[in-house]
Structures are given as structure tokens and as C-alpha cells.
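S.K.: Given these sequences and hints, build the entire structure.
Protein chains in written order, with our numbering: chain A, 1 to 450; chain B, 1001 to 1411; chain C, 2001 to 2343; chain D, 3001 to 3253.
I should point out that these hints are in silico values taken from the structure, not numbers from a laboratory.
Each hint can be trusted.
Label pairs and their in silico Cβ distance ranges:
#: 1; chain 1: C; residue 1: Ala2093; chain 2: B; residue 2: Ile1363; range: 34 to 42 Å
#: 2; chain 1: B; residue 1: Ile1363; chain 2: A; residue 2: Ala194; range: 45 to 53 Å
#: 3; chain 1: B; residue 1: Gly1210; chain 2: A; residue 2: Leu388; range: 48 to 56 Å
#: 4; chain 1: B; residue 1: Phe1110; chain 2: A; residue 2: Pro409; range: 55 to 63 Å
#: 5; chain 1: C; residue 1: Leu2321; chain 2: B; residue 2: Pro1165; range: 15 to 23 Å
#: 6; chain 1: B; residue 1: Thr1178; chain 2: A; residue 2: Ala194; range: 37 to 45 Å
Quick list of in silico lysine-lysine cross-link-like pairs, DSS-like style, CA-CA up to 27 Å:
#: 7; chain 1: C; residue 1: Lys2062; chain 2: A; residue 2: Lys309
#: 8; chain 1: D; residue 1: Lys3107; chain 2: D; residue 2: Lys3129
#: 9; chain 1: D; residue 1: Lys3053; chain 2: B; residue 2: Lys1264
#: 10; chain 1: D; residue 1: Lys3129; chain 2: B; residue 2: Lys1026
#: 11; chain 1: D; residue 1: Lys3113; chain 2: B; residue 2: Lys1264
#: 12; chain 1: A; residue 1: Lys336; chain 2: B; residue 2: Lys1339
#: 13; chain 1: B; residue 1: Lys1264; chain 2: D; residue 2: Lys3107
#: 14; chain 1: B; residue 1: Lys1026; chain 2: D; residue 2: Lys3142
#: 15; chain 1: B; residue 1: Lys1339; chain 2: A; residue 2: Lys103
#: 16; chain 1: C; residue 1: Lys2128; chain 2: D; residue 2: Lys3155
#: 17; chain 1: C; residue 1: Lys2062; chain 2: A; residue 2: Lys336
#: 18; chain 1: C; residue 1: Lys2128; chain 2: C; residue 2: Lys2338
Note that CB positions come from ideal geometry on N, CA and C, so glycine has one too.
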Amino acid sequence: MSKSNFTRRGVLKTSALGAGALALPQYLRADGHAGFTNAPGDSEVVLGFNVPQTGPYADEGADELRAYELAVEHLNGGGDGGMLNTFSSKVLDGTGILGREVKYVTGDTQTKSDAARASARSMIEKDGAIMITGGSSSGVAVAVQALCQEAGVIFMAGLTHSNDTTGKDRKANGFRHFFNSYMTGAALAPVLAANYGTDRKAYHLTADYNWGYTTEEAIRASTEAVGWETVNTVKTPLTQTDFSSYIAPVLNSGADVLVLNHYGGNMVNSLTNAVQFGLKEAQANGQNFEIVVPLYSRLMARGAGENVKGIFGSTNWHWSLQDEGSQAFVRSFGTKYGFPPSQAAHTTYVQTLLYADAVTRAGSFAPCAVAEALEDYEFDGLGNGKTLYRGDDHQCFKDVLVVKGKENPTSEFDLLEVVEVTPVDQVMYSPDHPQMGGADASLGECNNGA
Amino acid sequence: MTDQTTQTPLAKPAPAKSGLFGLEGKDATLLLVVFALVVFAPFILNPFPEGSGMAQFNAGYPDLMQRFVIFGIFAIGFNILFGLTGYLSFGHAAFLGVGSYAAMWSMKLFTLNVIPGIFFAIIVAGLFAAAVGYISLRRSGIYFSILTLAFAQMSYALAYSVLTPLTGGETGLQIKNTDNPLLSSIPEGEIGRANLFGAQMGSSYEMSVGSWLFTFNLGYYIAALFMLIAFYLSIRIFRSPFGMMLRAVKSNQQRMNYTGLTPKTYTLYAFIISGMYAGLAGGLMVAMDTQVGPERMFWTASGEVVIMAILGGAGTLIGPVLGAGAIKYMENILSKINKDVLHQWFAFLPEGMENVMVEVANIFVGKQWHFTLGIVFMLVVIFLPGGLVEGAQRVTARFRRKKSTSNTPAE
Amino acid sequence: MDQIIVQILNGLDKGSAYALIALGLTLIFGTLGVVNFAHGALFMMGAFCSVVLSRILSSSYKVVDESQTDFLGNPLQVDVFYVQDWFGDAAGATIMDWAVPLAILFSIPVMIFIGFAMERGLIKHFYKRPHADQILVTFGLAIVLGEVIKYYFGANPIQSPAPEALSGRVDFGQWLGYGPNTIIYPMWRLVYFFFSAAIIAGVFAFLQFTTFGMVVRAGMADRETVGLLGIDIDKRFTFMFGLAAAVAGMAGVMYAPIVSPTYTMGMDWLVLSFVVVVVGGMGSLPGAVLAGFMLGIIESFASMPAVVDLLPGINQIIIYLVAIVILLTRPRGLMGRKGVMED
Amino acid sequence: MSSILSVKGVNKRFGGLQALGDVNLDVAENSCHAIIGPNGAGKSTLLNVLVGKLIPDSGSVVFDGQSVLGRQPHEINQMGISRVFQTPEIFADLSVMENMLIPCFAKRDGAFKMKAIGAVFGERDMVQKAEEMLAEVGMLEKRDMVASSMSRGDKRRLEMAMCLVQDPRLLLLDEPTAGMARADTENTIELLKTIRRERGITMAIIEHDMNVVFSLAERITVLAQGTPLVEDIPDNIKGHPKVREAYLGEAQV
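M.R.: This is how it looks when you write it as C-alpha cells:
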């Protein structure tokens, strides 16, 4: 075993000298120690899958975990290979990563930053994980990303949509494949303008925490750019379940569009309440009243049932995409588990593959080498078309899907239809965009750890 | 009885000489035992060799060891209030959270040395506890509990939302590369790390013996030192006139009043002390892992420390520490056992049997670890009303009885 | 003005749920002297009764439809519902549509059974134990119940819509003489309010006018004396627990269309309902109901945009703030009795 | 003899009920003064006024030259008034010794003192004082017992010892023998007599049991319907017509 502490560059270690014998401490064991945290041995490499297993996002966490297991299977040469066959990079050959068999450990983030960090630390300190990935909320992503930066391991973010993850809180050791609030706004606004016109007055209900703020900011900016007016923005507590007192004033506020900057249970309940109060059928300012849900989660949308029909939103990926990569992924996931994967599953699967690929191309597990391999890397065949991992902020740039609740679903999975694939150019922004932390935001130095 | 530590008066007429740091008899022994456990924790908690199937149950890694002692401190402090006075605070996590924020700001603005941070954490938490306690102690019983709960929930809700500039909101506070504390010089762009006069909390000394690997982490030993001091102080408080007055508060406030004493003042001081313990725990959490988020103050976190105290044995000296250890162990170890691991364990069985065993075991671990937690709560409270301490006492009593019957032939 | 009326309606609605849960908690506490931290879990179990019944009603078998394909490109398997097979398409659809109201009938025996089982199997051993022990054991039970639900139903919210006929809206403003479309209110929420009011009235009538209720009330006032009268109070207590569970369960069933049930909702409601009970005053049934409605309405007002603009974050803390103010001005809550859980 | 406690014109109403009407009472220093009266005569109300639990609507209560009105019970205790309750109020979960030590500390350190480090039993002088008092009431061998496990008579004795160890200037006794068996009552009377004799503590007793009153009291006030009826030495009270009248209908005493 070659494990080491993670926050010190110089590590004190004793070598194994047989049972009972203690050795004097010495700096950096020479064998197998490549000067970075948790350098793997010759036969296997351990990845840490840190997902919510309890709490409101437990189902998304479970889906992420399924995708991880599938990715590990594919990397180790099992199954049908999934997206390995469609991935533009061909260095992965089903023999693990750099010839080492991929092992994994799992943990529960509980969607709490403390618990998530505890779990990640145990993976790093106890299990010798070389990379941490997962999560289903931005608070957790930011917290764990900061930890990985400190520890000197790579963090491949799971489902996190807040601008901050690769905005003001970006870190050199952290990477995000998932899209973000800004992209949602940029992709959604033109579609909304095309469908609902440019003379619209929007009313925002925003979940009162970090992700809500960045999403509201992004949607506001982009809709106002197409001529919409923002009538009011109201913050709702995260723990709210009955949104009636927030929904009721909307109709008489002069607004004709309601934007629900809510995710998960919040979204299900606020949307259900809005429909109950008749907003979907109402008229305002001589137009049909409309509801918009910026970030859709298909898993969660099930909880809202019929209510999502006809409502616009955006999503990172959807199983109905017809490109080769998506089809391959849906096929292997669906065959193994019996239902189609969610966007959370997709992004985590892709992140695992991208990590493995970067290690292989770099020829090293050292975080800085991996980061270099990922930075400004362009790839295709992983479901979102041509994608760029931008070096400036470690954010993936790819096409964004604008979706709409399907009118006539054929199955319980068939809830959303893709109405437009917004080309990547349209959602591009500069790394020092004010919504992304401005000029102050920086990745810092990449950290190899001990 | 279950509860030796509160009920056995130490009034042995003899001693005038003072034992270990002024502790005598059982207390001195207890302190020594805890000292030994804490110092040798890296061995004790890592009983299984690396790579073996049982290694999953090893808890001797820095993060969990730190958590054991930090939550031990939290529970010890809570027990000074709840165990002695009987006042059940349902908002103690607020003091932990406030302490964490204070320590974090001290590190962001003042110095990355952990000592001032911990100091600020204790002070700020103490002040906050004084304010909350002053108001809440106007009521007793469940009314008191709900008042403390209300204050804590308000702290949580505000920290999560409107106080975002101060608390970082949902994402919490971390040290950033833009932070440049007054007294620490950090190279431009570098992220500062918590340290103790230059020694970093994360540094460890690793020792491998055969296929065992033991980690001795500096941060852990610093936290452990604080925990030993906190534990020692709590013994002193339990045995002091002040501690006796606190037990009098629990027993009969009316009699206290008519004996010329002010139970409320005593309780308030106990509340503040226990708030300061929580602040210390919060400060240490930040020192060990430079991050703080608001969910540290959520009511479930307050409930957790209540449960730690009751599970271990409220009113006993060591109980809360045991309770804290048990809960943190389950949280961190059980939740990490997944089907893959189970398959490894049961691989020796024939395949059909293996799958059955895996399915059965899987109900209790991994994403179902809460289920086990709930069952353990129920079993302990049903069968061991005095908590884990009672369990330990029963075991030792049985052991002693056996020993004495075998050692002493019939006379 | 119309906005204020709407918020009062919202408040009454929220208040109904608070009141029903608090009522059950107080019944249990008042008669049995037990602090039941699993009461939120009972509410959740009630909500899942509607989920379960709707699953039962929509049990189906698969028929392969060659004309469509599923997500893997295989022929689509279409669900055919037994009720539609048996009763015809239209009648079958109506039965499935009315799952939530039907679930009330379903939930009563189920919840009473759960209540009996809880009381006989667990709670009765804790009558004489300290409140802290009762809290720990019922909290453990709440976790276990939640996990069982999560194991079978997952963690995501599950939709359980109100029947078509009751999911429309009422033009409430016109009833009050305002112009049309000023106050539009969802019909189901009105149903919920009247349903709750009926349950509350029923519970009070039961306690007021039956001998059973009289004994229970006497027991709430003075347990020992009633015990001395030689009345078998134990059986009655068991029944009271079942009744409280049924009240919480029905509150949950009817609430399912308003807020989609999840396994965490028990814990979400637990703390709030305790605040309600304590604000109402420990051991006072009218207090619990009053506090429920009062906090519901105050919370609704505090969520109005105008109020939130004025005092940012007030909507987050209002309930706790009100609780603090009330407990400081009225030592035992609104209608609490002296000496109940004050030590 | 100067009076240590002086009650003048005290009135107290509860709603429509006149609980105390113009009560005047003087307790002489170093005497034993009994207050008797039928149920509902206002004895307990008067006692609660004396210890600060109730505040009278009008009138004055002066102890040793200082008014006690508006003071908290603990302040009044610190002035030198100790109270023995009808049912013994002790620290049931604590040991007998600790029960004794608490009043010792209260006497020495005042209403609140933060002594959180030194051991209780390290305070030799306090322990000694408590032991002496326990010996005096004959309970020294029970020092390590948990108070709740003792007999009612022992609890009563302990409570008295807790009051006496504070060397009170005035000891208030609220039906000290209520609910006791004959033997226990006799013991208690003996104990009180001894205390009276040896320590010379001023006592005010509220009592129902005439046997107790006449064996102890040096002066008796009879209350009826909240008003003092007569005040005199025991011999004069025994056959007083007004007293008989007041007790008429009560059980023969």
C-alpha cells in the first residue's frame, strides 16, 4: 500500500519492516511514490464515488451510482463498452486505466457539505482514492471541490448547475461536465422569445440559496436581453413545500410569465401549486400566461406528473437523443438496469470516462498531469456533440438542450421532448464574465498533494 | 444503579492528598483510560489489516478520528447542561455553527494559525449562548427546548439565505486564494492552510507494521489534546460545588430557591459553558477541515447531539463521548459499505447463498444506513435505559461475577 | 384586499394541516404523556396510503404493442389496467382518478392498525420513562418508518393528483362580491380545509359527547384518579393512539395532492408540528388547533412579496419568531396548563 | 423581647376571595410562634407572603428591620429565613451529604458563586459543618444514601437539618408533621424541642395538629377566614370561645 496524508507536500512515512518492527520516519517512499497523493500501485486504482444516498436527492444519487458502476465495468473491459466505442478518443481499451484495474468506493454526501467532505476525506485518507466524483447539488460540489484542491486529487463534478462551481469558486483540481445557469439562460431565452414573444413580463420565484441566485441572475439577464421585463423576484425558503402563498400573488402582479428557479422537490411542488392555481390556463396582459422551469430533471419531473406538459426548460442531456454516443449509453444502461438513464447518470458516466481518458493520454495519475490533459481538450461522441473542456475555468462547453414537457408521453420515462439543440457558440461566455465571478475568479495552482 | 458518576458521592472521609491533577480514585482512572484510548486511537481504531475484507470497519483515519474527538467535545459540553441540569436544549448546533463561522473568519482575516481561531470560536459561541440562554431560560421544560430550537432554526435559515455575504450561504465558507490574512504571509495565488505555528493540520506520520497501517495525524492529536482538556474540565465541573448545584437544579429548583440560591443563574452559566464547548468543537472542525456550511446548524444537527448524549448515557462522564463515537462511526463506516463490498465478504458462500446474504445485508448498509441508525436507537433505548454506559456496566458486572465465582471457591 | 383574502385562505389551508397534526400529537401527549417524535412519520405514512392505493388501483398487466417502441428500440409494452378491464374504460379511469379520496377509507383501518401496533408494541413500555427516552425511541422509529418508505418508493416526490372533478378552481372573489377572476382558489384546497374542519369538529364532538371521550378527557386532566376509578384506561389509551394516528394519516392522505409525498416529509413536518403544539400550549387541544391556524395564516402573510421586500428573510424565520414572542409573553403558550412538561 | 418578624395590615385577594384581611402579627425573637386555624383560614397564603412567593396587595412585612416585600425567595432566605415544607422538599436525586452541603455553600457563598473547579469534598470546613449537623440529627451514618431512598421521617429530618445548618434567624415550619405516623410525629416534636432548646432559633409553625402546637408553641395566633382572631399564650387559647367557634364543624381536636 502506498497511501499518504494529503495536505502536506512532504510526508513522513515508515516502511514496512515486518511485524512489530518500527522504522525511522523518512521522506517520501521511493517505490511507487510519484510525488502525488494516493499514487496507485501497479495492479489497481481506486476512484471515489461520492453521491447523495440519503435525503431528497437520494434517487439521483442512486442513478449516478448506477452510471459509475457501468463506467467502471466498461473501463475494465466488461459489458458492451458503452460510449467507449463512440468516444472520439480511442486510448481507452478496456484494460482499466493505464493497465490498472479500476476499483471504486462509494459514500453518502447526504446533500450536506460537511457530510460530503467527511465522506470524501475518508475516501482519500482511508481508501486511497485518486479521484473524487459525484454530488447532486452545487453547495456540495463547491465544498468537495475545495477539499480535493487542498488534498491534491482530481474532482470531477457530478450534477451541479450553479455558475459558482466553475465561476467564482472554480479550482484547478476541479472539472465540470454539466452545464450551468448562464448556459441555461443563454439557450432558453431565444426559444422563449420565439414561442412567447418579446413583450413579456416575468415573475421569478427563486429558491433562496446559491444556485437559485445564479439561475435567477442568468435567466433575468438573458430574457431582459431579448426584451422581456422582470416584474418581481421573490425568494422562497429551501425547506418550503407548500408554495401557495408565493404563487397566489403572481396572477395579479401584472406578470404574464412565471419563472420557477427551483430544483428537485421545490420544483415539483411549486409547479404543481402553480398549475393548481390555474396559472397554466390563465390570461394576462391579453396573452396566455406561461410557466418556465429553467432546469429540468426528468427524475423529478415525474413527481409533477401531468403538470409539466408544455412547459419549457433546459437539460444537460436526454435519453431520447439520437446521436451515436447517447444511443450507445442508453443501450448499455437500459439493458443493465431496465430503464433509461437520467442526465445525472449521463454526466457522471461521461466524467468517469473523461478522467480515465485524460490519465491515459497523460500517461500519469498525477493530478496536474491529468488536469493538463483535460484542459482545452476537445472531444466528441459522448452524447452532447462536440465538446470543449475549457482550460480557463474547467467548464465543458457543448450544445445545450432546450426541452418541453411532452404532451402525449408513451411511458413513464417519456416526459420531455427536445425542442431545440442550442449550438455551443450561443452559450459561450468569457471566463471573466461578471456572472462567473468576474476578473477575480481564478483557478489557482493545480495541486499534486503529497 | 446505572449512573455511578452522578450518584456516587466521593465523600470518602480519608483523602486530603490530591491525585491526578486533583482527581481521585475512579475519576483519575477514568481520565487515564480516556487518555490512553485517545493517544492509542490510531492503533485501536485500525484493528484489521489493510486490504482484508474487514478493513472496511477500520476507523483509524484522520478525518474520522478528528470527528470522534470533536463531536466528543460537543457532546461533553451538551451533557454539562442536559446531564446535570436536565434542561434539554434543542438548538445546540447553533453554537457549534457560530463557533465555526467565527474561527473561519479569524483564519480568513487574521491568521491561519488555528489557536486564535479556536479562541474566537469559543468566545463568540459563548456570547451567543449567553444571549440565547438569557432569553430561553425564562421558560423551562419543553418550552425551553422549543425556544432554543427556534433560535437555532432562525440562525440556520438566515445563514442559508439573507446572511450569505457573511456565511457564504449554501456553499459555505472556505479559504480562497484571494484570502490574505493579516498575520500570515501566503504567496500570491496560493490557498492558505490551517496550521499551528507552521505545522499543518493534515500532516501525518504513517507506520506500517506487517500489513497493518497506522496513521498518526497532527490535527487529530491537537483536537485530542483539546478533548482531553475538555473532558478533564468536565470531570472537575461534575465534582465541583458548581456541578453539585447544577444537579440540584435538576432535582429540585424550589428547594434551591428556598435555600437562598438562584437556579436560573446556575443554569445560565451551565448553558454558556456548554455553548463554549460547542464553540470549541465548531472551531476545531474548521481547524481540521477549513470549511463551514449552514447545515451544521440545522435542527437535525442539534438533535444529533441530544441523541449522542442519551445514547451514550446522559449525566455520565464518558457516556456522551461513547454516543458521539457510535453515531459518527455508523455514519461514516456503514454508509460506505456497498454491494460490491458485500459481495467480497460473502464470496466464500455458494453463489445463491451469497446473493441472498448480500441482499439481506444490503438492507442495513450503504444507502440504507439510516435504517440501521434508527434500529440501533430503538434497541439501545429499549434495552439499555442508561445508554451504552449501562451496557458496558452490565458486561463488566457479569464478567466480574463470573470471575469472582471462579476465583473464590466455596467457603 | 383580495390578496389578503387569498393569503388568509392559504393560511387556513396550511393551518389545517398544522392543526390536524398538532391535534394528534396533543391527544397522544395529553392522554398517554408520551412525546411522539414519530408523529410526522404517521402523517407521511398517511400520504403514502394514497400512493399505495393509487398503485393498487392502477395495477396492470403488460401488452406488447408492436406499433410503438420503447427507449431501447424494442416493441413497447403497454400497461393495461385491471380496473379498466373489469369495469370498462371510463368507469375504470374514474376509479383510478378518485384514488386520493378513496384512500381516506383505505387509510383509516391501516393507520389505526399502525397506531395500535405502535402503542402495544413499543410506546406502552415508555409511559413511565423520561421524556428524553421517549423522544429517542420514537425518533428512531420515525427514521425506520422513513427508510422503509424510501426502500419501496424511492426518495423523489410522487405525484398523487386530486380527482379531475375536484382539481378545478373556484372563483372565490365572486362569492364575496368582488369582480370575477380576482380571487381564484384551487378547489382541492377548499376541500382540504373543510375536510380538516370536519375532522377537528369530529374529534372534539367525540371527546365531548361520548362516555369514552369523557373518560379520556378526565384522563388528560388527571391520569391517576381515573386509574383509581378502576376504569381500564389502558385499552382506551391504545384506542386514542390509533385515533391520533388515523387523524394524522387522513391529514396526510388529503394533503398528498397539495404537496407530492416524499419519505422526508415526516421529518420536515416534525419540528414544525412541535412548534405548533408548544405555541398552543402543552396538553391543550383547542390550543393546538388555534396555534395551527394562527401560525399558518401568519406564515402566509409573511410570504407576501410586499412583506418580504420590506423585511428580507422574514418568510424564513417567521414561525420561529412568533413562537419566541408568544412563549415569552405567555409562559405556557396560548392555552397551556400549568405544570405540564415544565420540568 | 423585640420582635424579629413584624407583619402589619397585610391584605391579599385572589379574584373575589379575600385570602388575607388585615393581618397583623409579631413574632418575638427567640420564641416559638404557632399559627393555627381551620382549613382555608389563610395560613398557607400568609406563609407564602412571608417567603416571597406571593406579594400582598397592601401592608408590610418587616424582618429584622428590613422589608421583605418584593424580594425573591432566595433573597429572603439569605436574610435568614428558612422554610420547612409540608411535604419534605429535598434534593431527592442527590446524596444526603450533598443535600447538606448545598445549604452550607449557599450560606457561605451567597445566591450564586462560580466554583467550577475545586472538588466539593475538598472544602473541608463545609464538609465538617455538614457532618456535625447530620450527627446532631442522628443521620451521619446515612450520609451516602440517595435522599429519595429514605423514609419520610428521615426526609423530614434531613430537610430540617438542611434548614438548620444555615443557622437561620427564623425557621418557618409548614405543618411539619402532616401525614406522619404517630411515632414519627413524636420524634419530630422531640427534634424540634431539642433544636429550640439548644440552638435558640426563632420558629414560626403553621400546624393543624393541636398536639404538636401545644407541645411546642410559646405563643399562638389563630387565623380564621384570613383574619387573626386571637393571639395569646397556649394556655389561654385552649379554651378560648372564639377558637372553638372557628373550629366548629372541624374534627374534634
